[in-house]
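*Asks:* First to last, the sequence lines map onto chains W and H. For what it's worth, this note's numbering labels the leading residue of the first sequence as 1, then goes sequentially. For what it's worth, this note's numbering labels the leading residue of the second sequence as 1, then goes sequentially.
Because the hints were derived from the structure by calculation, they are not lab data. This one's a predicted model, so the numbers in the text were calculated from it and none came from an experiment. Among the clues, some could well be false.
Unchecked claim - So the derived list for chain W, only partly shown, Cβ under 7 Å to chain H, looks like this:
| id | residue |
| --- | --- |
| 1 | Arg149 |
| 2 | Ala153 |
| 3 | His155 |
| 4 | Thr166 |
| 5 | Gly227 |
As the list claims (entries may be wrong) - These stretches of chain W come out as covered by chain H in the derived footprint (C-beta under 8 Å, 3 or more residues):
| id | stretch |
| --- | --- |
| 6 | 140 to 148 |
| 7 | 168 to 176 |
| 8 | 218 to 226 |
Unchecked claim - Covered, in the sense of this in silico footprint (three residues per stretch, anywhere, with C-beta under 8 Å from a C-beta of chain W), are these stretches of chain H:
| id | stretch |
| --- | --- |
| 9 | 83 to 89 |
| 10 | 154 to 161 |
Glycine residues also receive a C-beta, built at the ideal position from the N, C-alpha and C atoms.
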Amino acid sequence: MTINDLAKKPGAWLRGDGPMAEIVMSSRVRLARNVAGYPFFSKATDAQRSELAARLRGDLLPTGEGNWDYLELASIEELDQQVLVERHLISRQHADIRGSRGLALSNNEDVAIMVNEEDHLRIQVLRSGLQLDEIWSEVNRIDDRIESRVEYAFHPRYGYLTACPTNVGTGIRISVMLHLPGLKLTGEIERVFRAAKDMRLAVRGLFGEGTEATGDFFQISNQVTLGRTEEEIIDGFKNMVVPKIIDYEHRARRTLLADRLTALDDRVHRSLGILRHARTISSEETMLHLSHLRLGIHLDRIRDLDLRSVNELFLLTQPAHLQKIHGTRMTGEQRSVARAEMIRRRLAGN
Amino acid sequence: MHIPCQACKKQPATVHMTDITPAGEKKERHLCDVCAQEEGVMPKPQTNVPINEILTGLMVQKSTIQQLADLTCPHCKLSFVEFRNSGLLGCSHDYDAFEKALVPLIERAHEGASHHIGKVPRRLGTPLTAENDLIRLRKELLRAVDDEQYEAAARLRDRIRTMEH
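The following block holds chain W by itself, in its conformation from the complex (with noise of 0.2 Å):
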């Protein structure tokens, strides 16, 4: 699989199915994973991290067990990294450090594994819709079976030991990624954030670390990784958190039909002729749009679209994927006009 083949096609997490796949757009468990004997990255000599990833990429790929690719992040052009950090395969971090690093990707694109990003290794599952039992079992395996090769960094008392203390422990980061415009049109999504954070959880906009939750993205996920086991964490956020927003957003949605439902079609309509017509547009104003659409398409004001095609150009519209797509490079400029032509082709509009 090469990463140009990778670009044309939707990932794995956008598939839009999946149980909540109308306000979860997709669930991801992660474990940061340290290997005894090695220095944790930001200390590791480059001969010890090379040493470290071809000891790994061993151990990581499962013999029999499907198709995966390892790819060596420091042979392949930036933007080929770029693809892969819209993909949410990598970080941003990860693309950006230099050194060996790899990235360890089953085919369809639902196991990720970083080699050498803050922690050795930062095991990753993503998947459509609300799965947080089916990744966490998913990924539990997959640590074991590399556990059963590679000797962890544990300690009896902070468990799996990670570069940075606020992952310690059992190292794990649940993150949901969740649409949620009925909140933001009512104007209610502040309140939701705030009891969010009292939960001692953190919310971030769609491309994770380091941006301001803007648009109507946001993605949610777990600080405390010490003192509670994996299960007690991911049924939190299964059976509590996830759930009351859930229930928020849907009960955003009915007061819109109910109360505003002039107000919420000309939203939804508007935005569509935006998208069907436009022959230049941003990609902050393709995501405003395509969220209109979802909403839209859940509550049944737009009956022509589905909410995958939708979540694909979610993508595609990306500034890499649209480069990788068009075989060329682009300024800002050329990229608006190639994404609102391919809007438009999408979108059946003219």
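Dock chain H against the given chain W, drawing on the hints supplied.
*Replies:* Okay, now just chain H, sitting in the frame of chain W:
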């Protein structure tokens, strides 16, 4: 014009108070510094509280900070100052090398927790797992009692007893 002190009648009054008597009447008092201190209205300046005691207090704190700043991991050579600046540790040994300074940080980041009770690598076998199970069961017991689930609590108590023996 100065109002003379109502107590010594010599010094000019510098402390002016309005008291409300138990009967609800207002009563004005004008005292000089010395008389106000004598009557306990104003605190006496604590000239004999040794200023160096306060300084020593500060110095103890400062020397602890200095000690922390001087910590360096013998394995990866990361200094505590470097860690404070980057937020990243250099190797597994740092958790022991910087323990004193790290524990409060860890507890703050993890809602007071400083012990792992989750997954344990299989190679470490059961003893640790059993210990973690005990911590977990004790937590569940507390929760059951909080929720007034007494039957569940009794079952948990029995399990804990069996495991402890």
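*Asks:* Confirm or reject each hint.
*Replies:* Now the hints, each set against the structure:
The beta carbon of Arg149 (chain W) comes no nearer than 11 Å to any beta carbon in chain H, farther than 7 Å, and the hint placing it at the interface is violated. Interface restraint check for Ala153 (chain W): the shortest CB-CB distance to chain H comes to about 4 Å, inside 7 Å, so the restraint holds. The interface hint given for His155 (chain W) holds, since its Cβ lies 6 Å from the closest Cβ of chain H, which is under the 7 Å cut-off. The restraint placing Thr166 (chain W) at the interface with chain H holds, with a minimum CB-CB distance near 5 Å, inside the 7 Å limit.
Checking Gly227 (chain W) against chain H by beta carbon gives a least distance of about 2 Å; that is within 7 Å, so the hint holds. For the stretch 140 to 148 of chain W, the assignment as covered by chain H holds, since 5 residues bring a beta-carbon within under 8 Å of that chain's beta-carbons and 3 suffice. Check result for the stretch 168 to 176 of chain W against chain H: holds, 4 residues qualifying (beta carbon to beta carbon below 8 Å, three or more required). Proximity of the stretch 218 to 226 of chain W to chain H, defined as three or more residues with a beta carbon under 8 Å from a beta carbon of that chain, is established by the 4 residues found.
Restraint check on the stretch 83 to 89 of chain H versus chain W: 4 residues with Cβ-Cβ distances below 8 Å, three needed, restraint holds. Counting residues of the stretch 154 to 161 of chain H whose beta carbon lies closer than 8 Å to any beta carbon of chain W gives 0, which falls short of the minimum of three for the stated coverage.
Figure legend: structure checked against the earlier numbered hints; hints not met, in rising order: 1 and 10.
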